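So you can see what is in the structure, the chains are spelled out below.
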Amino acid sequence: MARILDLAPHSAIYAGRLLAEAGHDVVRVEPPGGDAIRRLPPYLGGQPNIELGAYHQFFNAGKRSFTLDAASSEGLAVFRRLAVTADAIIGPLPPALTPDTLHAEQPHLVIAVLINDDIEEICRYARSGMMALTGQPGRVPMLMGGHVLYAATGLWVGVAMASALLTQQLRGVGQILTVDVQQCIEVFNEQAMSTYATTGRRADRRGHRGAITPVSGAFQASDGWWMLSVPNTAERWYRFLEWVQDPVLAANPSYAQEDGREAAKDVILDRIEKWSMSLKMREAVETAQSQGITSTPVQTPLDLVNDPQLTHRGFLQDVAIPNVGTVAAPAGAIASLLGRPASRAPLLGEHTTALLAELGYDGPERLALFERAVV
Amino acid sequence: MSLASASRHRERTAPPLDGVRVLDFTHIVAGPFCTRILADLGAEVLHVETRSRTEGMGVHAGRQERRDARVHRNKKSITLNLKHERGQAIAARLASVADVLVENFSSGVMRRLHLDYESLRPSNPSLIYVSMSGFGHTGPRRDWTSMNMNLQGYSGLMLVTGSEGDPPTSVSNSWNDFIGGLHASFGILQVLMERQANGSGMYLDLSQAECSISTLGPLVLCGAANGENAPRLGNRSTSAAPQGCYPCAGGDEWCVISVQTNEQWTALCQLIGASEFGRDPRFASFTGRLRYHDEIDQKIRSWAVDLPKQEVEARLTAAGIPGERVRHADEVVESDDAGLGFHPLRAPGFEKPDLTALLPFTLSVSQRVPPISPATTGQHTHEALSDWLGLTADAIDDLERAGALV
Chain X
123 MARILDLAPH
133 SAIYAGRLLA
143 EAGHDVVRVE
153 PPGGDAIRRL
163 PPYLGGQPNI
173 ELGAYHQFFN
183 AGKRSFTLDA
193 ASSEGLAVFR
203 RLAVTADAII
213 GPLPPALTPD
223 TLHAEQPHLV
233 IAVLINDDIE
243 EICRYARSGM
253 MALTGQPGRV
263 PMLMGGHVLY
273 AATGLWVGVA
283 MASALLTQQL
293 RGVGQILTVD
303 VQQCIEVFNE
313 QAMSTYATTG
323 RRADRRGHRG
333 AITPVSGAFQ
343 ASDGWWMLSV
353 PNTAERWYRF
363 LEWVQDPVLA
373 ANPSYAQEDG
383 REAAKDVILD
393 RIEKWSMSLK
403 MREAVETAQS
413 QGITSTPVQT
423 PLDLVNDPQL
433 THRGFLQDVA
443 IPNVGTVAAP
453 AGAIASLLGR
463 PASRAPLLGE
473 HTTALLAELG
483 YDGPERLALF
493 ERAVV
Chain Y
1232 MSLASASRHR
1242 ERTAPPLDGV
1252 RVLDFTHIVA
1262 GPFCTRILAD
1272 LGAEVLHVET
1282 RSRTEGMGVH
1292 AGRQERRDAR
1302 VHRNKKSITL
1312 NLKHERGQAI
1322 AARLASVADV
1332 LVENFSSGVM
1342 RRLHLDYESL
1352 RPSNPSLIYV
1362 SMSGFGHTGP
1372 RRDWTSMNMN
1382 LQGYSGLMLV
1392 TGSEGDPPTS
1402 VSNSWNDFIG
1412 GLHASFGILQ
1422 VLMERQANGS
1432 GMYLDLSQAE
1442 CSISTLGPLV
1452 LCGAANGENA
1462 PRLGNRSTSA
1472 APQGCYPCAG
1482 GDEWCVISVQ
1492 TNEQWTALCQ
1502 LIGASEFGRD
1512 PRFASFTGRL
1522 RYHDEIDQKI
1532 RSWAVDLPKQ
1542 EVEARLTAAG
1552 IPGERVRHAD
1562 EVVESDDAGL
1572 GFHPLRAPGF
1582 EKPDLTALLP
1592 FTLSVSQRVP
1602 PISPATTGQH
1612 THEALSDWLG
1622 LTADAIDDLE
1632 RAGALV
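Read top to bottom, the protein sequences are chains X and Y.
This note's numbering puts the first residue of the first sequence at 123, with every later residue one more than the last.
This note's numbering puts the first residue of the second sequence at 1232, with every later residue one more than the last.
No lab work stands behind these hints, which were simulated from the structure alone.
These numbers were taken from a predicted model, which means no experiment stands behind them.
Take the hints with a grain of salt, since some may be wrong.
Stated by the list, open to error - On the chain X side, residues computed to face chain Y include the following (Cβ under 8 Å): (1) Arg-249; (2) Gln-411; (3) Gln-413.
Positions of the beta carbon are idealized from the N, C-alpha and C atoms, including for glycine.
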């Protein structure tokens, strides 16, 4: 288990959470006024509260909180003492300290540095080429909701950190890890870039219709939306026709061929849309799955709270959150994978005293640091 | 420098997963993306393929086989006939000397081939065995099949993205697969660290749905606490106004703008010839601009709609206002950004070089693995059998004659 100091901005904060899920000691070093992410709405309980921002509660779960004014010279001294006890740091480092300086002083340390991060989330997404692929066809391109981009870039930082921690463990080697945050998103656009480079074709955004499998998409039923992907084989197409019983779809012989379906996909999808309006969503999904047709409900975050599969797998676990009560919290994919429990986020400065004591600051010294607003 | 210290030096700077053997039974996107990350970190990834069944994308009669760089680069390829008893036996032997095994077949497939974790563990207790399925191998939905777009819908992404009242909005690429592959890579790296300390392997039953749901964790947690969903914001922000995506001249050409400060707001009003807006007290603060966002959007739209998006972007940048044109893939390919993270790579069956992405990070000590063109199907069959299992040429020929290596 490693100790990791987490000073990450929004674009890397998920990395610390992943490392905490995996059982490492992740110390979130926050300014005395609290992490900026604590002020990102929505809030658990619906009112602004520095402890209850949903993004803080999720991305900082499992971490400890150490408040420090690292920009001051006294604060920097405290940070240096803390860094001596750490195995890794997710930057940016406090202003007066450079990665090279710190690495020279403590060569065992893994230090993560972010570059190309000084761009707004929506601008990053537009620049990457991915935004052109998100949204309804012919209508305005869309930013992914829920700040999913932060999780995506944080995921890359997590993988990078894990690879550096492994190297540190195996070979006793510390190093500086440089993550290009813009590249983290552009990498996901590889398919469209590859298609353009090899064929000159530009990919389109398809919205609620499938981009890859021709007969696929989201459809409105009488009581909600559901998703359908008919595997692109003759056998599955016939089974699908038997279920749909649509004379127009059955009558066209070209649809029996893959390229026939590809060429006519929007016509086929229009017919399915009409048929779907009279169905009940959950029944339709169960019927499709029983026929080997990939199908799922289209869900909202609230729907997931009652999801039977997540509940069975223990992905949702009761966690006591101060000022809220007991909440069914998502344990996280890594905690779920490794069989580790769900956690809550720390209160602001919850662990400052304990960590200062560990670093050897006695009672009067700690008091002085508090009174001077260093911690 | 002596040989001994030279080899220690090589070890010290070797890529993170140097010396790690990965036996790769994955197919389609999520699994191969995970094993590609492992290959990029220096692992020896041996991809198990077969000619006894085409995978849809690879083999076309009469044409050179297409091997796309996204799935196949930096990996070795062995062909094994897993329906043949001796092919299965070889697969099991390879697993007995592997560090990691990754598969993403449907429930029960690996068990029927005697290649499930319980079958392989006795001969390799330190094996890290990763199953990447849509929903996991336990629970009421363990037998559900899944694909990228379905999981985008299942995870909440499609109803969190878009504006209130919009149909579900997907990302039109294999987004969900990448998220699953990345979480799997993280999990594998973590367990490799644990194994270093305690020597034991582990079975990892990864649910790709849980991976994508985790990226929406904040809103799931909020839903659980509040009993309702947060509003769908479209392109708007809870901290910047105006923020949005505005049509520019031409078809399907757009620009995004994100005004973070009052100073940027004043600059924007000047830029778009709306100084009366800049003086209007209704818009002086962020909350005011949020309230009257529709009116402000109309004004911005009427300015941008007749301008080429490159012009809009240039003027915004010159005025210090955060803004970008919405790029299509061709623009990214032709921009400087592409050179940083993307590399052309010759791929069998493609006339033009394929463009491939590398890892978006570098390490100051551990060497970076260069991109290697995809192997052809079965290219490393002989090499792997000799290298991993010590089989002689005769033994390999024998297996070939028996039909175990197709």
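Practice prompt. State the violated hints by number, sorted upward, taking the hints as numbered earlier in the document.
Written response: 3
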